[in-house]
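Keeping their order, the protein sequence lines are chains A and B. In this text, residue positions in the first sequence follow this note's numbering: the first is 1, and each later residue adds one. In this text, residue positions in the second sequence follow this note's numbering: the first is 1, and each later residue adds one.
Keep in mind the hints are simulated off the structure, nothing from the lab. Note that the coordinates shown come from a computational prediction; the quantities given were computed from them, not determined experimentally. Be a bit skeptical, because a hint or two may be false.
Stated by the list, open to error - Below 30 Å or equal to it, Euclidean Cα-Cα: the simulated DSBU-like pairs (lysine-lysine) are:
| hint | chain 1 | residue 1 | chain 2 | residue 2 |
| --- | --- | --- | --- | --- |
| 1 | A | K100 | A | K13 |
| 2 | A | K70 | A | K101 |
| 3 | A | K40 | B | K108 |
| 4 | B | K108 | A | K13 |
| 5 | A | K100 | A | K120 |
| 6 | A | K70 | A | K40 |
Stated by the list, open to error - Now the in silico label distances, taken between C-beta atoms and shown as ranges:
| hint | chain 1 | residue 1 | chain 2 | residue 2 | range |
| --- | --- | --- | --- | --- | --- |
| 7 | A | Y113 | B | W145 | 52 to 58 Å |
| 8 | A | I54 | B | R181 | 36 to 42 Å |
| 9 | A | K120 | B | F178 | 26 to 32 Å |
| 10 | B | L296 | A | S161 | 26 to 32 Å |
| 11 | B | F176 | A | K100 | 22 to 28 Å |
Claimed, not checked - Some chain B residues well away from chain A (every beta-carbon gap over 10 Å; in silico):
| hint | residue |
| --- | --- |
| 12 | F51 |
| 13 | G64 |
| 14 | I87 |
| 15 | L163 |
| 16 | F176 |
| 17 | Q193 |
| 18 | N232 |
Even for Gly, the Cβ is constructed at its ideal location relative to N, Cα and C.
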Amino acid sequence: MVNTHYGDLHVLKNVNYRLDQGEIVCLLGGNASGKTTTMKTIMGIVRPTSGSVIYEGEAIEGLATVERVKRGIAPVLEARRLFPRMTVFENLEMGAYTRKKGAEFDQDLDRVYSLFPRVKERRDQVSGTLSGGEQQMVAIGRALMARPRLICMDEPSMGLSPLYVEQTFDIIQEINRQGVSIFMVEQNAAMALLIANRAYVLQTGQVILSGSAAELRENETVREAYLGEMQGGH
Amino acid sequence: MTPFDLLLQQLINGLSLGAMYALLALGFTIVYGILELINFSHFNVFMVGSFIAMGVLHLFGIEGQSVLLHGLPLVGVLLVVLVVTMIACGFLGVIIERFALRPLRGVKGPMAMITTIGVSYILSNVVLLTQGANEKNYPNPIPHWSFYIGGINGARITVFQILIWVISTLLMGGLFWFVQRSRLGKAMRATAQDPDAALMMGVEVNRVIMTAFFMGSALAGAAGLIFSLYYNFTSFGIGFSAGLRAFTAAVLGGIGNIPGAMVGGIIIGLIESLAGQYIAVKWADVIIFSILVLVLICRPAGLFGRLAPTKS
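Input sequences plus hints: build the corresponding full structure.
Set out below in structure tokens:
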């Protein structure tokens, strides 16, 4: 059970998530529901006031962000958050910051380049000049450079054209098939529920629904609130 | 001297002064780039550097301007003085950050900036009380050789000016290389561009900040040595006017922008020597700061600055 406060503001109220190795788990919720706070709690940017974050059997809520990255948790941040005046390659290097350069680095770079040929083409370009879709590829590539076992994605589809959204979700599935667990916060419930194994619905800091993605796709509340379907439609 | 020689002479002098201002300006810009903090204690780290270098020169038995060295001994002594001064100032900067500024990190408002003013006063008063208020004749072992451009009546370049250019080019080149190519340098740039994202890449932000203070302060130490060798004196009060001009250079170039600080420093040095020649030395500050105001009105982010940080 995790509780998180910002000052007097009780943001996360007794939330409880579980993610098994190899899963894609999606967190749905509107604005100010606590999704981003959840991400920050996992990454160690905010500390829970009570409760604990267990990763691979170990409580990590007291660990610094650096240590969490070293243990294999990597973020894909909301709105990409690339280093805008660094090149694409330098952004990828920053993803591997906690690791030594060498054969493994080169392998991971090849993996990123084969997933995203476009990123390879643009490697010497300053990342602030890329299109939103290209930036998203770099952001995902940057996370992969940490050789993570868990990637936390904050709104991977935000601000992308429909074509790129589809492409991004394909890539997420591909990465997951390569053995990386995915925890994803997403507004685009229709797409997210198609690729996720399970999902949680968060509302004003509380989990109001959870279940398999298939179940939630059929759930009335979810259909209404997140899949944009009118109750008792035609 | 013909009018052309005179102009050439002032350009040579201006480039030398400018290199010194550039070294000093870099410290403001590196720290600002990462913390968005104007570090006024930097003024007096520069001044302390001048005194540390004087102490080391005295240790080598160099007093006043009568002991001149040549060849290898000259290069050796200057190198030792420079390295010791830079390392000592670097640690001074790290200590200031660790004990005066880090406790205030994350506090909103001008508290940290005011603290740097306080630290600045502490430094100048410690030097005043231990070294006295008198201007000190500065030990200078560099011979007064000169090269003349276009005959004995033409413009003159002294050995020391050449040394200034060599040293500052090496230091600035080294800094540029560090920031562009090294792992920690890249972490510095990443932290400056997006601190939260850098943190989530696993960057140890405290180490990055410490490095920024170390490097900025070390460069200030080098600038302090150059300043005092140039003017043959030092005093507890040299930090203010030189520091303010260097700060102006950083703002002129776009504070937070490293090449901007280098160019800004050179511009300030050139203005100072040209204004001194063609108008009057006393008017140099008026002209420097008038140009600053004009540039900021036309280009609020400075010559090479970006007004809004590209953060989302």
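So, going through the hints one by one against the coordinates:
1. A:K100 to A:K13: violated, 39 Å
2. A:K70 to A:K101: This hinted pair holds, its Cα atoms lying about 14 Å apart.
3. A:K40 to B:K108: Measuring from Cα to Cα gives roughly 21 Å; hence the hint holds.
4. B:K108 to A:K13: holds, 28 Å
5. A:K100 to A:K120: holds, 21 Å
6. A:K70 to A:K40: holds, 16 Å
7. A:Y113 to B:W145: 52 to 58 Å: holds, 57 Å
8. A:I54 to B:R181: 36 to 42 Å: The hint (36 to 42 Å, Cβ to Cβ) holds, given that A:I54 and B:R181 are roughly 40 Å apart.
9. A:K120 to B:F178: 26 to 32 Å: At 27 Å between Cβs, range holds.
10. B:L296 to A:S161: 26 to 32 Å: violated, 40 Å
11. B:F176 to A:K100: 22 to 28 Å: holds, 25 Å
12. F51: About 38 Å separates B:F51 from the closest Cβ of chain A, which puts it past 10 Å; holds.
13. G64: holds, 49 Å
14. I87: holds, 27 Å
15. L163: Since the minimum Cβ distance to chain A is about 34 Å, B:L163 lies beyond 10 Å and the statement holds.
16. F176: holds, 15 Å
17. Q193: For B:Q193, whose nearest Cβ neighbour in chain A is about 5 Å away, the distance does not exceed 10 Å, so it is violated.
18. N232: holds, 42 Å
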